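Place chain B on chain A using the hints.
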Amino acid sequence: MVRSGIIPGMVTLTRADVEHVAFLARLGLTGDEMARLESQLNHILDQYAVLQSLDTEHIPPTAQVIELANILREDVVQPSLSVDEALANAPERSDTGHFVVPAILGGGEGGA
Amino acid sequence: MTDPTRLHAHEMAALLRAGETTSRALTEAHLAVAERQNRALHAWLVIYREDALAQADAADKRIAEARHAGAAALAGLHPMCGIPIGLKDLVSVKGGQATAGSRILEGYLAPFDSTVTARLRDAGAVIMGKTNMDEFAMGSSTEHSAFGPTANPWDMARVPGGSSGGSAAAVAAFHAPVAIGTDTGGSIRQPGSMCGVVGMKPTYGRVSRYGIVAFASSLDQIGPFGRDARDAAALLHAVSGHDPRDATSAPEPVPAELLSLAAGDDEAASYLKGRRIALPKEYFVAGIEAGVAARIREAVAAMEAAGAKVEEVSLPHTEYGLASYYIIAPAEASSNLARFDGVRFGHNDRSSGEFIEDYLRTRGTGFGAEVKRRIMLGTYALSAGYYDAYYLKAQKVRTLIKSDFDAVWAAGFDAICAPTSPMTAFPLGAKLQDPVAMYLVDACTLPINMAGLPGMSIPAGLSDGLPVGLQIIGAPWSELSMLRLARAYEGITARAPWRALEPAELHLTDDPNTPGPAERKERLGATSAPRPGGQS
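If you're matching them up, the sequences are chains A and B in order.
Just add 971 to the spot in the first sequence (first one is 1) and you have this note's numbering.
Residue 176 in this note's numbering sits at position 196 of the second sequence, and the numbers go up by one each step.
What the hints contain is simulated information worked out from the structure, not anything from laboratory work.
Check before you lean on any hint, since a few could be wrong.
[Claimed, not checked] Short derived list, chain B residues pointing at chain A, Cβ under 8 Å: (1) 91; (2) 185; (3) 224; (4) 303; (5) 323; (6) 335; (7) 340; (8) 341; (9) 355; (10) 363; (11) 373; (12) 376; (13) 377; (14) 379; (15) 382; (16) 432.
Bear in mind the structure is a predicted one, so any value in this text is a computation, not a measurement.
Ideal Cβ placement from N, Cα and C applies to all residues, glycine included.
For reference, chain A alone in the conformation it holds in the complex (with noise of 0.2 Å):
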């Protein structure tokens, strides 16, 4: 990815940094719409260039607004959605209670 002149506004998505981006959001991208993302993702990052003007060198960042800290409770055991449950909407599930999944480590069958 291009990383000179990281100011929003002054970025410029390449056609190589939207595939990039799709692939770490795991996104399977036709070619039609990593090109249109590429347009519209480009008109969009041009709205933040109006943050350029701002002078935030010395403001704090808010991450949520509500001022809670340190939410604690008693660490007692209470009910919870059973194996059943929690599996019932699985595309895949295993006689013993698990997800299955593709496998993830050497390829081949049963891995999961």
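Quick look at chain B alone, frame taken from chain A:
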């Protein structure tokens, strides 16, 4: 008895307590209208006839038992007991769908009730069904629903606003007296404005988010729609309060006075005397429709005539709201939506047999165009090398936006009044090809989410036959004062001619020849030229 669908929820509650109607009768009447008109309006994604009637019977039983037990028991029933209600289709109802308007959640059945659902059940409300919405609440027109758009009953060729457009249209069209929506950047207030109903986004932390499909967790709030301030207040009361299952829900008391807003118009209006109302000059510039500005200024002048003190103020960082919101909201969304991986629930594509490829295909085919755009924006803004320039910068701007509002409260103002949206409802398809134009629809509402404040939209008359919403913005936890102000405005405008008007094209929804909104949009799309900036 008059047509029960024309009653306000508080009127229904009085009739139910007096034994003059039943929840079953009210629910039957609303189901009949909703089922008959949904083809043309498409406000509902699902209607639960049998389940709703069973809930109505249970409510009738509760009311009968309370009546038998005496006046105190009857008075102890919640005003929502026996009242039909619609829920936006991202609220979990055990055993029911929660699509969030997305193909990726098609077929998913919620294994538990949201806290909002559980509280509505406790109150005795009758859940009629689930309403249409922009996919994952991302949009301002409900056109981004994977299941097709909703029409606006004031003009069937126009959008109802969004993202809670189904809830707003259902309440406007008398399918239900009240409904639940969510608001991340305006998604309750803006459709409330465009459909001519009351909609409130409470203070962040007022209503538990447990069991609500997440969009942007530091901005999302759940809130009520109703056709007047009293109904919105009663529904807010039913769903509010601390919930140990949502650590961001605040341990703030829920005022009981939400259930006793003034019934009389004059008594309600007297609340305005001496109230200090701020009018932010930045909300009346750049792109606001003349008719909208006129209605808002008239509404504020009417409040002034009734004894309020109105002063212009400045919220100087307003112009930075849109850009900073469209960094923070997509960033949080890209993180929240990472959970849709086709492993535990929802749509999945396992055709390649290869983990990463299946993952890409599942998300690539499961999400719609707007959701993909936001995930891409958010992922980009959070990616290595760009975090400081985008996300951190936007969070700093968020501090400045919040401090603008803090200064208004420090100066002693009771509320801020502004337009809800710079425009009235726009034609189906008009902004669909231009994301930035669609984002601008929420320019007056999203700063309030950034600051975590409560905001509401109330009907303030019409512009060219379309509803205009007056936005009331309050200090944190001031919902009761805001609703009293809204009720006061209803009091001073009770005899205004526009108050008596029903949505102008409501009759079309009963006509079997009226095309549904998806078909209507196709026709519009075939004839309209691409918009400037549109790329697809």
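Do the hints match the structure? See the list:
no. : hint : in the structure
1   : 91   : holds (5 Å)
2   : 185  : holds (5 Å)
3   : 224  : holds (6 Å)
4   : 303  : holds (5 Å)
5   : 323  : holds (5 Å)
6   : 335  : holds (4 Å)
7   : 340  : holds (3 Å)
8   : 341  : holds (5 Å)
9   : 355  : holds (5 Å)
10  : 363  : holds (6 Å)
11  : 373  : holds (6 Å)
12  : 376  : holds (4 Å)
13  : 377  : holds (6 Å)
14  : 379  : holds (4 Å)
15  : 382  : holds (6 Å)
16  : 432  : holds (3 Å)
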